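Trainee: Keeping the supplied structure of chain A fixed, place chain B upon it in accordance with the hints.
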Amino acid sequence: AQSVTQLDSQVPVFEEAPVELRCNYSSSVSVYLFWYVQYPNQGLQLLLKYLSGSTLVESINGFEAEFNKSQTSFHLRKPSVHISDTAEYFCAVKASGGYNKLIFGAGTRLAVHP
Amino acid sequence: KAGVTQTPRYLIKTRGQQVTLSCSPISGHRSVSWYQQTPGQGLQFLFEYFSETQRNKGNFPGRFSGRQFSNSRSEMNVSTLELGDSALYLCASSPDSGRAYEQYFGPGTRLTVT
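Each protein sequence line maps, in turn, to chains A and B.
Numbered according to this note's numbering, the first sequence spans residues -2 to 111.
Numbered according to this note's numbering, the second sequence spans residues 1456 to 1569.
Calculated from the structure, these hints are not laboratory results.
A quick note: this is a predicted structure, and the numbers were derived from the prediction, not measured.
Some hints could be false.
Stated by the list, open to error - Here are the simulated lysine to any residue pairs, SDA-like style, with alpha carbons at most 25 Å apart:
1. A:K46 x B:K1512
2. A:K46 x B:G1497
3. A:K46 x B:Y1559
4. B:K1468 x A:Q39
5. A:K46 x B:G1483
6. A:K46 x B:R1510
7. A:K46 x B:F1500
Stated by the list, open to error - In silico negatives: residues of chain A with every beta carbon more than 10 Å from chain B:
8. E17
9. T52
10. E63
11. F64
12. S67
13. H72
14. R74
15. T83
16. P111
Just so it is clear, CB atoms sit at the ideal spot from N, CA and C, and this is done for glycine as well.
Bound-form chain B, shown alone:
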């Protein structure tokens, strides 16, 4: 099976712009979670989607949003970018049952805000 893929891998944006990141989960996985990784704050949970519904959310401002499509692909959007949004954004997918506790991570999208 192909792993979790994320596009683009690298992105440079300017303050005030918005950005959309994409994640394709492992085939058959309906749960997709997003994490932000920064040197200062470490790895922080953003949100989780399952079957097109957000079922868990971390402590991030409303500028961070996401959605999931019927094919389980997910996007996250950050509006009005700030310098502090520069980070590696990781997506992870999980199987529905059996090993539902396991999360398989993609390579990440590195966002730089200038």
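Next up, chain A with everything else stripped away, as it sits in the complex:
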């Protein structure tokens, strides 16, 4: 079985400041790791994913996440946030050999202030 812990329920930050959203996971099997973003009244959008290979993965809108196997973490970072990044962010895992069942963390609400 897998579990995901997002260490911060809310993260307030000023515009253009850096941010880190923390995610730790637990699994007895190898997993794929994901970050999803949810804007108000919308579904989830895939932000980035780690499958294998390079431990640093990047998205097209400036976010990056680093897979750390020894610390079982997959923290999300952005060097400079914008007001439009205000949303809820979910970390998720999926067993690499299993069917499509995502296990989500509780979410982190990122609030970017001017």
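Mentor: Chain B in isolation, oriented as in the chain A frame:
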């Protein structure tokens, strides 16, 4: 390609009633998964259908059921509604191969049980 569509977007039902929600996946996707999102429990996996067969199921009571049609459209049904069933129900579809690990979410159906 059109994205995942869900109907209706909003629904209000009374305790004891039943409800059917519909999901149309991205064209060519045969895997459809359903998730329930509530403030208290977060995002939880309900079930996954592939080629008209349920191949994975979460820990929900038997009041929650689903089916998939030959055109990959899926429905989920909740019978004998309870107040705790109020939630955002999200549907996601996945490609068969290649990026089969990616799930594309619809906007959700917000169900309110009174």
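Trainee: Hint by hint, say whether it matches the structure.
Mentor: Results of checking the hints against the structure:
| no. | hint | verdict |
| --- | --- | --- |
| 1 | A:K46 x B:K1512 | 24 Å, holds |
| 2 | A:K46 x B:G1497 | 20 Å, holds |
| 3 | A:K46 x B:Y1559 | 13 Å, holds |
| 4 | B:K1468 x A:Q39 | 21 Å, holds |
| 5 | A:K46 x B:G1483 | 22 Å, holds |
| 6 | A:K46 x B:R1510 | 24 Å, holds |
| 7 | A:K46 x B:F1500 | 19 Å, holds |
| 8 | E17 | 21 Å, holds |
| 9 | T52 | 17 Å, holds |
| 10 | E63 | 19 Å, holds |
| 11 | F64 | 15 Å, holds |
| 12 | S67 | 23 Å, holds |
| 13 | H72 | 19 Å, holds |
| 14 | R74 | 22 Å, holds |
| 15 | T83 | 18 Å, holds |
| 16 | P111 | 27 Å, holds |
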